[in-house]
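Start from the sequences and build out the full structure, keeping to the hints where you can.
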Amino acid sequence: DVEVLEVIRNTLPLTLTYIFLSVFFAFLISIPISTLVGWSNKASVVYLFRGITSVIIATPNFFIAMIGILLFSVRREWAPVFGYVNDFPENLKYLWLPVSINTLILVAIISRVLQSSIVDTKGEEFVETGIIRGVSRPRFFLFYILKPSMAPTVVLLSYMMGIMLGATVILETIFSLPGIGRELVGAVLASDYPMVQGILLFFGVITVFLSFIGDLCAYALDRRVKL
Numbered sequence: 001d002v003e004v005l006e007v008i009r010n011t012l013p014l015t016l017t018y019i020f021l022s023v024f025f026a027f028l029i030s031i032p033i034s035t036l037v038g039w040s041n042k043a044s045v046v047y048l049f050r051g052i053t054s055v056i057i058a059t060p061n062f063f064i065a066m067i068g069i070l071l072f073s074v075r076r077e078w079a080p081v082f083g084y085v086n087d088f089p090e091n092l093k094y095l096w097l098p099v100s101i102n103t104l105i106l107v108a109i110i111s112r113v114l115q116s117s118i119v120d121t122k123g124e125e126f127v128e129t130g131i132i133r134g135v136s137r138p139r140f141f142l143f144y145i146l147k148p149s150m151a152p153t154v155v156l157l158s159y160m161m162g163i164m165l166g167a168t169v170i171l172e173t174i175f176s177l178p179g180i181g182r183e184l185v186g187a188v189l190a191s192d193y194p195m196v197q198g199i200l201l202f203f204g205v206i207t208v209f210l211s212f213i214g215d216l217c218a219y220a221l222d223r224r225v226k227l
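For the sequence shown, position 30 (counting from the first letter as 1) is numbered 30 according to the numbering used here, and the numbering increases by one without interruption.
Derived from the structure by calculation, the hints contain no laboratory data. Among the clues, some could well be false.
Here are the in silico distance ranges between beta carbons for each label pair [as the list claims (entries may be wrong)]:
# : residue 1 : residue 2 : range
1 : Ile170    : Val205    : 38 to 44 Å
2 : Val81     : Phe209    : 33 to 39 Å
3 : Val205    : Ile57     : 23 to 29 Å
4 : Glu90     : Thr129    : 50 to 56 Å
5 : Ile52     : Ser136    : 31 to 37 Å
Idealized CB from N, CA, C, for every residue including glycine.
Below, the structure written as C-alpha cells:
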C-alpha cells in the first residue's frame, strides 16, 4: 500500500550517493592515469594499461564484489559483510567497499576512453598551433589536450550512469544496501508489477535525461561536437 514515488524518494538518495561518490573518485584517479599513459611513448606501458583495464572491464561486477568481501570483510574485517545504517559517519564503513568496487570498474572504463581520446587529440592541428604560440605547459595541457579529450568521456559517462542505476541491483543485493536496486529485486520477487514498472520507467527517464546533459557538457567542452 505504498506509492511508487514514495519508495523511490526513500531509496534513491542512498543509490545516488554511492554512484556519485564512485564517479567523483573515478575521475580523480582516471585523469592522471590516462594522461601518463597517453603521453607515454613506451609500448610496454600502453599494453600493460590495456591489459589491466580489459581484465577489469571483462570481469562481472558481482565477482569483483565477492573478491572484495573475501579480502576486506572476511579476512581483514575492514568492512561489514552486509547491512547499512543511516547515521554519518557510521554509514561510511558500509559504503566504502561498494563505492570502491564501482570506482574500480569506472576507472577502467573512463581511463581507457580518455587515454584513447588524448592520443587522438595530440594529433590535431590546433595542438600544433598551441605549441607554436608558446602556450605555457599547464595551460596547454588543460585547454588544448584535456578539455577536448574529455568530451567523449563525458558522453560515455552520462550513458554509463544510467546503466549503473540498473547495475545497483546486483551490488545492493550483495551488500544488503536499502537502495532502489534492492527495492526493485524485492518488487520482482513479490510480483509487485506496478512497483517494477514504476522503477523501470524512472530508470529510463533518468537515463535519457543524463544522456541529454552529457551531450550538452560535451558541446561545452569541445565546440566541434554537434548536438
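Practice prompt. Just tell me: holds or violated, for the beta carbon distance of glutamate 90 and threonine 129 against 50 to 56 Å?
Written response: With Cβ atoms ~54 Å apart, the hint holds.
Worksheet item: That 38 to 44 Å hint for isoleucine 170 and valine 205 (C-beta), does it hold up?
Response: This hint is violated: roughly 22 Å between Cβ atoms.
Practice prompt. Indicate whether the distance between the beta carbons of isoleucine 52 and serine 136 respects the range 31 to 37 Å.
Written response: holds (33 Å)
Worksheet item: Honestly, do valine 205 and isoleucine 57 meet the 23 to 29 Å range at C-beta?
Response: Since valine 205 and isoleucine 57 have Cβ atoms about 27 Å apart, the given range 23 to 29 Å holds.
Worksheet item: Holds or violated: 33 to 39 Å for the Cβ distance of valine 81 and phenylalanine 209?
Response: The hint (33 to 39 Å, Cβ to Cβ) holds, given that valine 81 and phenylalanine 209 are roughly 35 Å apart.
The earlier numbered hint that this structure contradicts is number 1, and it is the only one.
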